Every structure is written in structure tokens, then in C-alpha cells.
Amino acid sequence: MKASKDASQLRQKQMIAEHYSRLARSGETGEKSVYTFVPGNLTELLRSFDLLPVLPEINALQSAMRGKSKEYIAIAEKAGHSEDVCTYVKCDYGMMKSGNVGPTGERLPQPDLLLLSYTGCFTFLKWFEILREEYSAPAVMLHVPYQADGRITESMRRYVVHQLREKVIPELERLSGRAYDEDRLKECLTRSARAEDDLVAVLESAKHRPSPIDAYFGGVYYVGPIFSAFRGGEEACAYYRELRQEVEERVASGLGPVTPEGQLTRERFRLVVEGPPNWTHFHEFWKMFADEGAVVVASTYTKVGGVYDTGFRHDPEHPLETLADYCMGCYTNLSLPTRVDLLARYLTEYDADGLLVHSIKSCNSFSAGQLAMLRDVEARTGRPCGFIESDLVDPRYFSAANIRNRLESFFQMIDQKRERATA
Amino acid sequence: MSTNGGAAAIVERAETLYHDVGLASVRRHKAAHGGLAIGYLPIWAPRELLHAQGVLPVGLMGGGDDVEIIRGDAYYQSYICHLPRSVVELGLGGQLDVLDGVLFPAICDVIRNLSGVWQMRFPDKLVRYLDVPQNFDPEIGGAFLRSELESLAADLAERGARPLDPDALRASIAAYNRNRRLVVDLYDLRRREPWKIPTWELYVVLRAGMLLPVEQFDELLVAYRAAVAGDESRQPLDQARVVVIGSFCEQPPLGLIKTLERSGCYIVDDDFAQVHRFLRGDVDTDGDPLDAIVRAFLSSAIESPTRFSAPGAKSAALAERVRACGAEGVLFCAPSFCDPALLDQPLATRAMEAAGVPWTAFKYSENTGQFQVIREQAGTFADSIKLWSGDTPMRASR
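Each protein sequence line maps, in turn, to chains A and B. Residue numbering for the first sequence follows this note's numbering, starting at 1 and increasing by one per position. Residue numbering for the second sequence follows this note's numbering, starting at 424 and increasing by one per position.
Note that these hints are calculated values from the structure, not bench results. Do not rely on the hints blindly, as some may be mistaken.
[Claimed, not checked] Dumping the calculated EDC-like pairs for lysine to aspartate or glutamate here, alpha-carbon to alpha-carbon at most 20 Å:
{"no.": "1", "chain 1": "A", "residue 1": "Lys167", "chain 2": "B", "residue 2": "Asp590"}
{"no.": "2", "chain 1": "B", "residue 1": "Lys548", "chain 2": "A", "residue 2": "Glu246"}
{"no.": "3", "chain 1": "A", "residue 1": "Lys167", "chain 2": "B", "residue 2": "Glu616"}
{"no.": "4", "chain 1": "B", "residue 1": "Lys786", "chain 2": "A", "residue 2": "Glu83"}
[As the list claims (entries may be wrong)] The following label-pair restraints were derived from C-beta to C-beta distances:
{"no.": "5", "chain 1": "A", "residue 1": "Gly30", "chain 2": "B", "residue 2": "Asp714", "range": "52 to 60 Å"}
{"no.": "6", "chain 1": "A", "residue 1": "Arg404", "chain 2": "B", "residue 2": "Lys809", "range": "29 to 37 Å"}
{"no.": "7", "chain 1": "B", "residue 1": "Thr803", "chain 2": "A", "residue 2": "Arg151", "range": "50 to 58 Å"}
{"no.": "8", "chain 1": "B", "residue 1": "Thr803", "chain 2": "A", "residue 2": "Gly30", "range": "51 to 59 Å"}
Owing to the predicted nature of the structure, the values given are computational and were not obtained by experimental measurement. Positions of the beta carbon are idealized from the N, C-alpha and C atoms, including for glycine.
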């Protein structure tokens with residue numbers, strides 16, 4: 001049975017289509033586009049200047065889901081980009097060289113500005129150096145310090161705010177031709193916090209048995225609006241309000257998540273997943289879990305654009321400081337011990353059977369150190385931990401048989417542990 | 424230091440230190456002088472500050488091809504560079520126990536996350552992620568870096584180092600200025616007369632300097648220079664002059680450097696052991712010394728792949744390096760899976776093509792053991808330069 005789309009899904013699809021359409025028409029309307037990244041995105045600030053965000057990672061993953069990434073990566077490698085480096089970068093480069101056609105089939109505008117919010121990923125810096133040269137576009141850097149010691153110091157916050165005030169905002173003023181309007185920013189931030197409340201309620205619904213959502217495969221759809229162009233807008237608030245209502249209805253009805261194959265009727269395994277998904281074989285990957293009755297009840301990938309379930313909300317009373325804290329709090333900007341704490345907490349609070357690490361060849365920010373994290377989580381919680389590997393958008397690195405074998409072993413390990421516990 | 428043994432004895436001593444991955448020399452130093460020893464990973468660390476607080480800075484450049492990796496491979500996937508796995512191997516094997524802490528400069532995600540592994544595996548040691556600014560405005564990035572350095576100094580003092588004293592810091596800045604000038608002087612001599620200074624020799628001398636107190640390193644540099652400058656047995660060969668780019672973090676095995684030279688290349692500029700030349704010129708000894716270090720980092724650092732520079736600045740800097748050393752070609756020689764180096768290559772190679780500079784590229788790991796393919800590639804590259812580039816001013820002058 002194939003799944004039917006909920007109202008929130010249709011709404012999201014419509015929001016995205018309208019955004020890309022707006023981008024495609026920007027040449028006629030005169031609207032300016034700002035390329036930026038998901039972690040540490042400053043969507044409210046851009047929105048307060050009526051600037052349109054373009055997120056190259058989203059374009060890359062959309063290209064992969066449309067089966068275009070292999071061709072785009074080949075174009076980049078032919079142009080001298082190493083096979084060793086991030087495939088998001090190469091996919092984006094290939095897409096640019098192929099006419100920059102976005103997921104809706106419309107051409108994306110060239111960037112009027114590259115806003116390099118350097119949050120949690122060193123490759124962002126290199127990526128925009130390449131785009132800056134290719135597009136001859138201006139770039140503004142926002143360096144976001146890493147939470148190496150598991151906390152935000154006043155010096156770190158001051159540094160980010162200082163850059164926002166002295167570098168980023170003047171550049172946005174120049175581009176938009178309008179002055180910084182803090183009241184407008186505060187309005188956006190107020191709406192952000194509202195949507196964040198609803199998002200957290202949706203994510204935490206997975207504490208129920210059965211979980212009404214899949215917090216990884218389904219979760220990437222849920223975080224789409226808030227991680228991209230819509231945070232701070234009424235449409236995001238409406239989306240999350242509607243999504244929350246739908247999820248609460250599922251809880252009340254005792255329903256499990258909807259997968260591409262339809263309603264999941266038997267929740268056999270409750271998992272926490274660390275790492276991004278594979279996008280080239282997204283549905284095949286999801287099906288491997290759904291076929292086994294495995295539901296992801298918490299994931300870290302759904303925190304790369306903001307960690308909200310530990311209490312952070314955008315605070316309109318301190319607009320620039322809250323943007324700084326948001327940036328510094330994104331998942332890949334957290335130290336490894338903090339990430340271990342979060343994973344252990346998820347395993348306990350969501351009563352999960354085990355942790356699965358999906359390690360990504362392209363993404364050192366996520367992947368480097370994951371094996372140490374895995375050991376520590378296992379030692380601390382006593383719950384089984386599994387490990388699989390593939391890539392974000394390079395189909396050459398997705399080995400279905402290998403992943404399936406490892407998943408089966410992982411599920412067997414969980415089963416054996418249960419049997420021992422009941423013996 | 425005596426130069427009686429000539430260059431060979433000096434190089435032999437340096438090579439011994441190069442192979443000292445278990446830090447026996449640091450143990451001896453601590454036993455004799457006490458004080459803390461703090462490791463630092465590539466590329467840049469405020470060695471002046473450590474020195475001023477009586478701390479021995481110890482460069483950690485991985486295990487090269489001297490360390491068999493067993494536990495390190497269990498920590499890192501196959502698609503992550505080699506350096507962190509050998510550093511973890513050394514750490515877990517107890518060979519870095521002599522260090523009281525390690526600094527992890529902000530150069531890439533792998534080194535950044537290695538700081539987290541260190542926090543988890545060595546909770547009793549000082550672990551500092553050195554978050555250096557990408558904003559180079561003194562009022563913004565400068566203020567942040569100063570705060571980072573003050574915090575580091577406080578952490579060191581808490582571990583038993585001397586509190587940071589401005590006069591001591593000025594003296595340490597002067598010591599490292601002197602040392603940097605000696606290193607630069609050797610590079611200048613190699614640029615002028617590369618047959619006098621084989622790069623593999625220069626390299627082991629620089630690596631030795633990452634374990635020695637700066638004053639002893641000065642002596643080594645002076646002695647080596649004196650020995651090679653007067654060595655008339657070192658005569659020019661018809662080799663192609665090349666710049667080696669991309670080896671600023673994980674270092675190539677010594678055998679690879681020798682292979683490049685044997686394949687017909689004079690390496691006249693490189694990125695090896697870059698901490699010694701990360702800052703161009705002296706750090707001010709006037710005024711507030713901490714501000715002077717911050718200023719030097721902001722405005723005098725090289726155009727590193729790890730910095731977000733002005734548009735075209737890195738390409739221009741590379742072209743200028745090639746011009747300044749009279750190079751006839753560039754070898755892009757990066758470690759496998761090194762994001763900063765490899766992501767830079769498309770723009771850098773394009774810049775070289777625009778400047779009409781021949782180039783070739785290959786990758787390595789610190790424990791690469793087979794050099795035949797690289798030798799053939801570099802040899803062919805050198806031959807093509809010698810055959811087709813005509814008499815460059817440098818070649819014609821010989």
C-alpha cells in the first residue's frame with residue numbers, strides 16, 4: 001500500500017514550489033538572492049531584508065533524489081575536483097555548470113551575495129571560495145566558533161555578534177538597499193520560536209509507543225521548512241502547527257509512522273541514528289528499515305540546522321545574541337563529548353533499542369570521530385550500537401547489499417540482547 | 424654545536440629526532456629542565472606564548488611511516504586522512520604520555536574532531552581547540568583571538584606553567600623571530616643554490632626543530648647552514664625547479680621527498696612543517712606582546728588553504744611564490760582525503776595554467792611505501808620541463 005500525503009506534506013510541497021518559483025522569477029522581480037548554508041543559516045535576518053535564501057546543500061540533495069548527482073559529480077571531477085572531497089560541493093558545482101536548474105525544473109538565480117555562515121563544517125569555507133570565483137559574486141564571512149568545551153563563552157558570543165553588526169548586516173543593507181530593521185527581525189524571531197515549539201513537540205512525539213513518526217527518514221521532511229527558507233515566516237508557523245496536529249492525532253489513534261510503503265503496523269525496533277541519510281537511494285534505504293519494523297525515534301541529522309530539543313529557542317528580546325547562540329548550537333558545531341551526551345540521552349529518553357551510526361564518506365564534520373563516539377555511547381548506555389557507511393549524494397558509495405547485511409546483523413544483535421534479558 | 428662532522432652528522436642527528444615519534448627527546452628535556460610540554464598539531468600554534476610560560480612546544484606531525492597502525496584504524500574510517508589515526512595510535516600506545524596537553528588548531532573538521540577524541544580518551548590532559556579567527560579585523564577577529572590566547576595562557580598556568588608575563592613574552596617573541604629568520608635564510612639559500620640544500624635534509628632539520636627548545640633549534644640551523652654553504656662537493660645538476668604545494672598538515676614520508684629529488688626535481692619552495700614559516704616576517708617586540716602575536720596572525724600569515732582570504736589572494740600568492748623562487752613548475756602534492764588542500768586544487772591549478780606554469784598532481788599518505796609511480800610521474804614532469812620549457816633565466820644562469 002502506498003502512502004497518501006498528509007495536508008502538511010502538501011503544504012510543504014506548495015511552499016517549496018513557490019519559493020523556487022520566486023527564485024526563478026527574481027530576474028524579473030528584482031528580488032535578490034543570497035546563497036548560504038543550512039547549519040547556522042540566518043534566515044530571519046535575510047527575511048527582515050526581504051532577501052531570498054538559496055541553500056546549496058538542499059539543491060545537492062534534491063539533485064541526488066532526482067538521480068542527477070552522478071552526472072553532476074562527474075562534471076566536477078572532470079574539472080579537477082578530487083574524488084576524495086565532499087560530494088555536495090561537486091554536485092553543486094556540476095549543477096551550476098549544467099545550467100543551475102533547481103528541483104522544480106526552473107533555473108536558479110546567480111547569487112547576489114554568498115553569506116558564508118561558517119558553522120560546524122570547514123568545507124563550507126572552501127565551497128564558497130569556489131563559488132565566489134565561479135560566479136564572481138561578493139562573499140561575506142560569518143565565522144562561528146566551535147563549542148569545543150561544550151559551552152558558549154561570552155567571548156564567542158561577542159565575536160559572532162560583532163561580525164553580524166559590523167560585517168554581515170552592512171553587507172545585507174548594501175545589497176537590499178534598506179536599513180537594518182531590528183523590530184522586523186524581532187517579529188521574525190518571534191515566529192521562529194513558535195514554529196520551534198511545534199517542531200519539538202513533533203520530534204518528541206516519538207517517545208510514544210508506537211512512535212507516530214520516523215524521526216530520521218520522516219524527520220528530514222519535518223525539518224525542511226525550519227532549516228531552509230521559511231523559518232521566521234507565517235507559512236512555517238502554519239506548517240508546523242498543522243504537522244503537530246496531524247502527529248497528535250496519530251498518537252491519539254495509536255498509529256505508527258507512514259513510510260513510502262504505507263503505514264508501519266508493527267514497531268519492532270526503536271533506533272537512534274547518528275549521521276545524515278543517503279540521498280541517492282533514499283527510499284530504498286528507508287525501506288530497509290521499514291521492512292524490519294525499525295523506526296528511528298531520534299536522529300542527529302535533524303539537528304544540523306538547529307538543536308531545539310535541549311531548550312534553545314530564538315529569543316526576540318536579544319536578536320543578534322540569539323542568532324549567535326543559534327549558530328553555535330547547531331549539531332555539528334558541538335564537541336564530540338557533547339554529541340555523545342546527546343546520543344546517550346536520546347537512547348534513554350526515547351527508550352531506544354540501539355544506536356545506528358550512518359557514516360558518510362563525504363562529511364568529515366559528522367564522520368571523523370564517530371567510531372570513538374559509538375564506543376562511548378555503547379559503554380555508557382549498554383545498548384547495542386551498529387555502523388553502516390555510504391555517502392550523501394554519490395551513488396557510487398551506496399552498496400545496498402552491504403548495508404542490508406549490516407542492518408540485519410544489527411537487528412539480530414538487538415534481538416539476542418532482548419532474549420538474554422528475558423531469559 | 425660543532426660543525427666538525429659536517430652536514431652529514433648534523434643531518435643524522437636531525438633524522439634521529441625526526442624518527443623520535445615516541446618523544447624520547449622531550450622526556451629527556453623534561454627530566455633535565457622540568458616544566459610542561461604541550462603538543463600542537465599543524466599548522467600554527469602560538470609557540471611564543473608557550474615558551475614565555477616555560478612550556479616546551481612539541482610539534483605533532485603524525486607517525487609518518489614509523490608507526491604501525493592498529494588501534495588508530497579502529498578510530499577512523501578508510502575515507503579519512505591518515506594523520507589522526509597515527510596520532511591516536513601514538514596516544515593510546517602511551518608514546519605521547521610525556522605531553523601535558525595538546526593544542527588542536529582550527530584547520531579542518533578532522534583535526535577539530537580529533538580534539539574531541541582527545542577529550543574523551545585523555546580526560547586528565549589539557550585539550551585545547553585553538554579556534555583561530557576567520558575574521559581578520561583587529562577589532563573583531565583580533566579581539567577574539569586575544570581572548571583565546573588569554574584563556575590558553577590561563578589554562579597553562581593552571582597546569583603549573585608560569586603565569587604569562589609581558590616581558591617574558593617579548594623575549595620569547597624575539598627568540599622566535601630570530602628562529603624564523605634562520606629558517607627563512609635556509610630557504611633563501613636553497614632557492615639560490617638548491618644543490619647545496621637537498622630538501623630532505625632541510626626537512627628533517629625542520630622536523631627536529633619541532634621537538635627541540637627554540638634555542639637549540641637555532642644552533643642546529645646555524646650549524647647546518649655553515650656546513651652546507653661551505654661544502655663544495657655539492658654541485659649543481661640539471662634538475663627542474665619545482666614548488667611543492669599541499670603538504671602543510673599530514674606530511675609526506677621522507678622517502679617521498681627523496682623520490683621527488685631523485686626524479687629530477689629541485690624543490691625550491693614547499694609547504695612542509697609550515698609552523699616555522701606560517702608568519703611572514705617578525706612579530707613586533709614593541710607594545711603589548713599579546714597584541715603583537717594577534718596582529719601577526721591577522722596580517723602577516725601566509726595565504727593558507729585554511730584561511731578565508733580575499734578573492735584571488737591565494738592564486739596570486741601561489742603565482743608570486745613560483746615567481747619569487749624561479750620555479751619552472753608546481754607539484755600539487757596533497758595527502759589523500761585532505762579537504763583544505765584538495766578543495767584548493769581546482770582554483771590553484773587554474774591559476775597556474777593562467778600563469779603558464781606547468782603542474783602535475785598526486786596524493787600520498789604519511790605511510791605511503793611505494794614511490795615508483797610518483798617517481799615516474801615527477802620524473803616525466805621534470806623531463807618535460809627540461810625538454811620543452813627552454814632556458815628559463817634560472818637554468819640559463821647555471
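Checked hints:
no. : hint                              : in the structure
1   : A:Lys167 <-> B:Asp590             : violated, 35 Å
2   : B:Lys548 <-> A:Glu246             : violated, 50 Å
3   : A:Lys167 <-> B:Glu616             : violated, 46 Å
4   : B:Lys786 <-> A:Glu83              : holds, 11 Å
5   : A:Gly30 <-> B:Asp714: 52 to 60 Å  : violated, 45 Å
6   : A:Arg404 <-> B:Lys809: 29 to 37 Å : violated, 55 Å
7   : B:Thr803 <-> A:Arg151: 50 to 58 Å : holds, 54 Å
8   : B:Thr803 <-> A:Gly30: 51 to 59 Å  : holds, 54 Å
The structure is inconsistent with the numbered hints 1, 2, 3, 5, 6, although it conforms to all the rest.
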